[in-house]
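Using the sequences provided together with the hints, build the complete structure.
First residue of the sequence shown? That's 62 in the working numbering, and the numbers climb one at a time after it.
These are computed hints drawn from the structure, not numbers from a lab.
All values derive from a computational prediction rather than experimental measurement.
Backbone N, C-alpha and C fix where the C-beta goes; we use that ideal spot for every residue, glycine too.
Be aware that a few hints might be false.
Derived DSSO-like pairs: lysine-lysine, alpha-carbon spacing no greater than 27 Å straight-line [unchecked claim]: (1) 310 to 335; (2) 335 to 346; (3) 310 to 346.
Across the chosen pairs, the derived CB separations fall in these ranges [claimed, not checked]: (4) 116 to 397: 48 to 58 Å; (5) 96 to 123: 20 to 30 Å; (6) 151 to 192: 23 to 33 Å; (7) 342 to 151: 35 to 45 Å; (8) 105 to 422: 47 to 57 Å; (9) 160 to 235: 37 to 47 Å; (10) 201 to 72: 30 to 40 Å; (11) 160 to 95: 10 to 20 Å; (12) 116 to 195: 22 to 32 Å; (13) 246 to 169: 20 to 30 Å.
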Amino acid sequence: MAHGGRAVARHEGWVVFVSGAYPGEEVEAEITRVAAKHSFATATRIVEAGPDRIPAPCPHFGPCGGCQWQTASYPAQLRWKQEIVADQLRFVGRLPEVLVRPTLAPGPEYGYRNRMDFRLIEGRPALHRFESHELVPISVCLLLAPPVRALFDVLEVRPEAERVTLRAGMNTGESVVLFDDERGRFHEVVGGVRFRITSRAFFQTNTDGAEALVALVGEAIQPSSDDVLVDGYAGGGLFSATVGALCRKVLAVESDPVALGDLNANARVSVIGKRFERSRPLLPKSWDLAVVDPPRAGLGRAGVNTLVAGRPRSIAYVSCDPATFSRDAAWLVAAGYELVWVQPVDLFPQTYHIELVAAFRSTVAG
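See the structure below:
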């Protein structure tokens, strides 16, 4: 399986990335796009199913693009995600010897999402087809956590609304239904800390997964009461308020105005309201520890330069994209850091999306 959820096929040395297929299968596929060094295709018929293929439990699987791997056994999904991370480190980061742990499954393989965003069409919730702008109305979604499923089942769609967001606190029982640009607020508890979450501000959509990320970040940086921690892309303060509570001081860097409001409410930290990659002039000369949780685009050169400028002894890098993470990891290694381990975490079962936490340790004395 390749990064992006497609199976890899080869024909006379030519690589074809096939969506809807799994390793070990024979399929008929239609070429959808030809690039300079490879092609993309979609499986149109499974001639011979592979050992990991199972029936999909959801009636909307296929037309709906919310899931891509419901027809794959869950052990296979976990195995593929570990392999994809290792492949990206090998081919993108040129780091073939890194310890990539087996993928961690922190919770159930269905019924895990504490948030879902739907478009509305003809009075019904809808999701996009895979890699398409076309909307598919749905009557059920098996990914929804029970309290979100309860909201979905009694949802009364407003005729004039174009989209709706359903959110729930798994550990608080609070929930919100937001149409279009409405604002709301609810709370969630992670790591023993109560978090305020405003409107559509980012917060991990898998609460069990958020608990796992907090534990892994703590393992990666091993904070003590004498440490100064920089929390880059701090969001509403998930790591500042949990792992950061064990440190002497936390400098939380965040630029989104809504997230900043939640951050100030959730954690006792020194807040730097700036994009992380532009925050270097506002940071101290040095700090002991760092955690970064950038968007899909990763840190980039500017973010890496900001991160290593303070020479933290340990870094926890939380990523939702193995490719951009692998690129950044190579730069961090070149800057004097050892990539100690990488832990894939399955925050998004039944999809190809991969979360990971990586531990870096400075190799430079002092």
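Verification of the supplied hints:
1. The suggested pairing of residue 310 with residue 335 holds, with an alpha-carbon distance near 18 Å, which does not exceed 27 Å.
2. As the CA atoms of residue 335 and residue 346 are separated by approximately 17 Å, the hinted pair is consistent with the 27 Å bound.
3. Of the pairs offered as hints, the one joining residue 310 and residue 346 holds, with about 14 Å between alpha carbons and a cut-off of 27 Å not exceeded.
4. In this structure the supplied range 48 to 58 Å holds for residue 116 paired with residue 397, their Cβ-Cβ distance being about 51 Å.
5. At roughly 25 Å, the beta carbons of residue 96 and residue 123 sit within the given window of 20 to 30 Å.
6. Our hint of 23 to 33 Å for residue 151 and residue 192 holds, since their Cβ atoms are close to 26 Å apart.
7. As the Cβ distance of residue 342 to residue 151 is approximately 37 Å, the hint placing it in 35 to 45 Å holds.
8. Roughly 48 Å separates the CB atoms of residue 105 and residue 422, a value that falls within the hinted 47 to 57 Å.
9. Look at residue 160 against residue 235: about 39 Å separates their beta carbons, and that is inside 37 to 47 Å.
10. Against the hinted window of 30 to 40 Å, the Cβ-Cβ separation of residue 201 and residue 72 comes to about 38 Å, which satisfies the hint.
11. Between residue 160 and residue 95 the beta carbon distance is about 37 Å. The supplied range of 10 to 20 Å is therefore violated.
12. Look at residue 116 against residue 195: about 25 Å separates their beta carbons, and that is inside 22 to 32 Å.
13. At roughly 27 Å, the beta-carbon separation of residue 246 and residue 169 lies within the given 20 to 30 Å, and the hint holds.
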